[in-house]
Each structure stands twice: as C-alpha cells, then as structure tokens.
Amino acid sequence: MSFRKLYHSIFFLISGCFLETNIVRASDAVGIEKDTTNAAARQQAIAFLQKTDTLSVSSFWPNIKPATFLENIKLNINKPLSIYEGVSTNFCGYAALSYILLHDEPLLYAKFMVELYKHGEAIMGKASFRPSSEIKQAAGSMKFKGKLDIRPADQMWFLSLADHFKGYLNLFDKHYDAGDEDKLWASVNYAKFNRMLRELFDEKVDAIGTDLIHPAISDLYEYISSMMQTGTMVLYINNTFLYKKTHSALKLAVPTHYIILEEISKVDDTVTIVYWDYGGRSLRQLTPKFLKRITYGITHCTKKMNDVQ
Amino acid sequence: MMCNRKIYQLLFTAAVFCSCSSIQKVSTKYYNENEKMLNNIEQSFKTLYRQNPFSIEFTDRSFNFVSIEIMTDSLKYIYEFDINETRLKDTLLKYALNEKGISDIISQMRSIHCTWINSLDYYVDEQKNSLIFISMRPVGLSKPFTNKKYYILTYFSQPQYFNSEGKLLVKKHRNKIRKINGEIFWRINDKVCYTIAARFR
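First to last, the sequence lines map onto chains Y and H. If you're matching positions, the first sequence starts at 72 in the numbering used here and goes up one per residue. If you're matching positions, the second sequence starts at 4 in the numbering used here and goes up one per residue.
Be careful, since some hints might not be right.
To give an idea of the interface, some chain Y residues facing chain H are shown, with a C-beta separation under 8 Å as derived from the structure [said to hold, decoys possible]: (1) Val158; (2) Ser199; (3) Gly217; (4) Ile221; (5) Lys254; (6) Asp273; (7) Lys275; (8) Asp277; (9) Lys315; (10) Thr317; (11) Lys322; (12) Gly351; (13) Thr358.
None of these hints come from the bench; they were simulated from the model. No residue lacks a Cβ here, since even glycine has one placed at the ideal position from N, Cα and C.
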C-alpha cells in the first residue's frame with residue numbers, strides 16, 4: 072500500500088501549472104463520414120459470424136449471453152466507429168487499438184472473440200490470452216458505463232487486454248477488483264500501447280513520443296499530415312486540455328488519452344482535426360501551439376507489405 | 004508545543020467541518036433560489052435538443068467563453084467562442100440550430116454560473132434512458148478545504164427510487180446505489196437529484 076502511495080506521489084509530482092490561453096477559432100470546415108474498413112475482410116468476418124449463430128452459453132463467461140455477445144461483435148464489425156470505452160474508464164488505449172483491429176482485421180477480431188468466448192482462452196498475434204477468473208466474472212456485469220453496460224463482448228475484450236498487458240503504470244495494481252477499470256489497473260502508458268500493437272497485429276508500427284516529454288518535432292502539423300498519407304495515426308494526448316472537466320489552472324502535465332486522427336488541415340493559424348474517440352468522430356479547431364501542447368506521442372501504423380499484397 | 008499542535012488540529016477540523024456543512028446548505032439553498040431558472044433552462048434545452056442534439060459548456064471561470072458541441076449523424080463539431088463574437092450566431096445558423104433559443108439558454112446559464120448542460124444516456128434493464136445533466140459553479144461552493152466546487156443536477160424523465168438517506172437507487176426493490184459519472188446523487192424531488200463534485204462533466 073505504501074508503494075502505491077509513493078507511486079501516486081511521484082505521479083503527481085510531475086504535474087505542472089498551465090494557464091489556458093488558447094482560443095480556438097471556428098470557421099468553415101466539413102467532416103465527411105467515411106468508412107475505411109476493408110470491405111472484403113468485413114464480408115468474411117460477417118460470413119464467419121453467420122456460421123457461428125448457434126453459439127451456446129459459455130461456462131467461462133457466466134455473465135455473457137451468447138445472443139447479446141454475437142450482436143455486440145456484429146455491431147463492431149458493421150459499425151467499427153461505434154466501439155465505446157465507457158464512462159470514466161481507463162479503456163481509451165484499448166479502444167484506439169480496437170479501431171485499428173476492426174478496420175484492418177475484422178475477421179481476426181471475430182475469430183478471436185468467438186474462440187475466447189467458447190474456450191476461455193485464445194491467441195492473437197504473439198499474445199496468448201488466459202483471462203483470470205475475476206475478469207471472467209466481471210465481463211458482462213459492468214454498470215453505469217453508458218453504452219458499455221449493454222455491450223458484453225466489449226467488456227470482455229477490454230478487460231482481457233488490461234488483464235494481459237502490463238506496463239509500469241500497472242505495477243502496483245495487477246490484480247483486478249471491481250471498479251479497477253477506472254483506476255491504474257487499466258492504464259496504458261505509451262510504451263505499453265505500442266507493444267500491444269506490435270504483439271497483436273501484423274503491422275509496421277512507428278512511434279515517437281514519451282509519457283512525460285513532448286516529441287521533439289519542430290513542425291508538428293507538417294509531420295503529422297505527411298505521415299497520415301500512409302497509415303493510421305494515433306495521438307497520445309493530454310485529455311485535460313482537450314476535454315476540460317474543471318476550471319482549475321492546475322492541470323497534470325501528462326498525457327492520459329488516445330485518439331485516432333482521421334483528418335488534419337491548416338488554414339492560416341488554425342488547424343482543423345477530425346478524430347475518433349468515445350465511439351464517434353469529432354471535428355475541432357486548434358492553434359498549432361495548442362496541438363503541440365496536448366501531443367505527447369504519435370504512433371503510425373501500416374499493414375505490412377505481405378498482407379497488403 | 005503539544006498545546007499548539009492540538010489547537011492547530013482543532014482549528015483544521017473545525018474549518019473542514021464548517022466547509023462541508025456549508026456545502027450541503029448551499030446545495031439546497033441554491034436549488035430553491037434558482038429553481039425557476041434551472042427548470043426553464045432544462046425545459047428549453049430538452050426541447051431544442053430533440054430538434055438537433057447539442058451541448059453547451061462555459062470553458063472559463065469568468066463565463067466569457069462558451070464551447071458548443073453540435074452532434075450530427077456522422078460527426079460532432081466542437082467550437083469555442085467569446086460570447087460576444089458574431090461567429091457564435093453565424094455558426095448556430097449554419098448548422099440550422101435554433102439561434103434565438105440557444106442564445107437565450109447561454110444567457111440564462113451565464114446568469115446563474117451554470118458551466119455545462121448536456122443530455123446523457125443511461126441504461127436500466129438494457130433499455131436506454133436519458134437525463135439532462137446540468138453543472139454549476141456557484142460562488143458559495145468556492146470555499147477553501149474542498150476540491151468539490153461543482154453543483155450538479157440531473158433531471159430524469161421518470162420518477163426515480165431513493166433509499167432512506169435520499170441516495171439515488173438503481174431500482175425500487177434493490178438497494179443498489181446508482182452512480183452517474185462516478186458520483187452518488189441525492190434526492191431533491193422524484194425526478195431531480197443533485198451532487199457536489201470535483202469535475203463538472
């Protein structure tokens with residue numbers, strides 16, 4: 072317990088004081104709904120699930136009914152943008168990772184989920200998942216998390232990821248207890264996020280950034296927009312600036328949130344970004360200075376050439 | 004030396020106690036004093052939200068900057084304005100929102116230091132319900148010795164269930180406490196609850 076307190080103290084010591092002076096400008100900007108999911112792969116995933124319609128109740132996951140489980144997976148495959156990490160949880164890193172999986176490898180996702188449901192364990196990439204009994208009990212019974220309440224497959228997936236992958240933020244809270252989804256048990260530091268991508272998917276992952284220091288890039292906008300041409304872009308950002316929850320001038324100077332950047336453009340001193348998080352896409356306008364202030368990590372994922380061919 | 008320490012502890016405890024009891028008093032008093040205005044804001048917001056979903060947030064302590072989230076089927080547009088800017092009106096008109104109605108809500112919110120209003124979804128027996136969530140930063144709550152500076156009201160569409168202490172429950176026959184945004188809420192009347200929180204959203 073004293074370790075945990077010490078750890079919290081260290082974590083808070085790295086906080087800094089910021090005065091918020093950035094005022095964003097609203098101007099004409101249009102977001103177009105686009106679905107970048109591989110259509111053929113989606114069809115394969117749907118065909119696979121149609122064969123699995125007779126899934127019986129799993130003894131491994133007592134709080135997950137097969138019908139709602141399959142319905143949840145189908146929703147994620149048909150509407151990959153709708154996957155939602157839940158209210159007040161630390162599942163945003165796992166949700167960002169799911170965005171990539173559902174867009175690039177829906178069949179892999181469907182097969183893995185059905186395997187995990189049927190047998191209580193499954194393999195994805197280099198990772199072999201054997202969720203603990205506490206995770207199996209908790210999945211399907213989470214409450215007060217908004218749409219996540221009615222999505223048992225997402226609960227199972229996020230909890231299994233958090234249970235399997237550990238980073239330094241999880242060192243002092245490795246065992247799941249009810250409510251840990253909101254705490255450090257579920258946190259995802261930047262190295263852990265990139266490790267998860269590399270272990271789970273057959274993707275080339277280029278990452279720049281840290282948990283404490285902004286990436287040393289002189290023109291962040293130019294860097295991001297050039298990289299976006301060739302793959303999926305994840306930004307690791309300080310959420311207390313992007314989504315204000317208090318009016319305090321004192322804010323933790325650390326990143327806490329992952330978003331998928333879908334579009335970026337710049338007119339004069341206004342950067343317009345379209346990004347995905349919390350089960351939907353948002354358009355926002357920022358100053359380049361504000362973008363730099365909130366960005367701590369930039370991860371770029373591309374499918375490896377063998378898969379593309 | 005020992006005596007000084009005891010006096011210090013006593014003073015500290017008294018200050019914390021006064022601060023807590025003051026918050027409870029301010030909560031009830033604040034709602035009673037502003038009930039008409041709050042209900043008016045809630046009703047107007049609910050009506051306009053049905054036409055086009057949106058939320059309003061004051062982003063600064065002086066209530067000079069307002070952020071509007073405009074939800075469409077494909078995208079949520081998040082804009083921030085100085086409340087005196089003409090761009091605010093232009094943007095509302097561009098997205099076919101009720102400019103007059105929303106401007107009135109913004110003025111009313113500002114007058115009672117209301118920081119955020121939104122519609123939130125919650126689930127009962129796997130059925131979706133929604134409530135109106137209103138956060139305020141009343142002057143009376145900005146006391147020392149507490150980080151809980153926001154007074155939050157939830158307006159439900161149906162009467163809710165409460166335990167003997169007045170805490171919001173999940174269901175009538177289950178004594179399980181319902182949390183909203185991680186907070187426990189207390190009864191004001193059958194459909195309105197409040198809490199004091201460190202965060203306004």
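- For this structure, which hints from the list above don't hold up? 2, 5, 6, 7, 8, 11, 13
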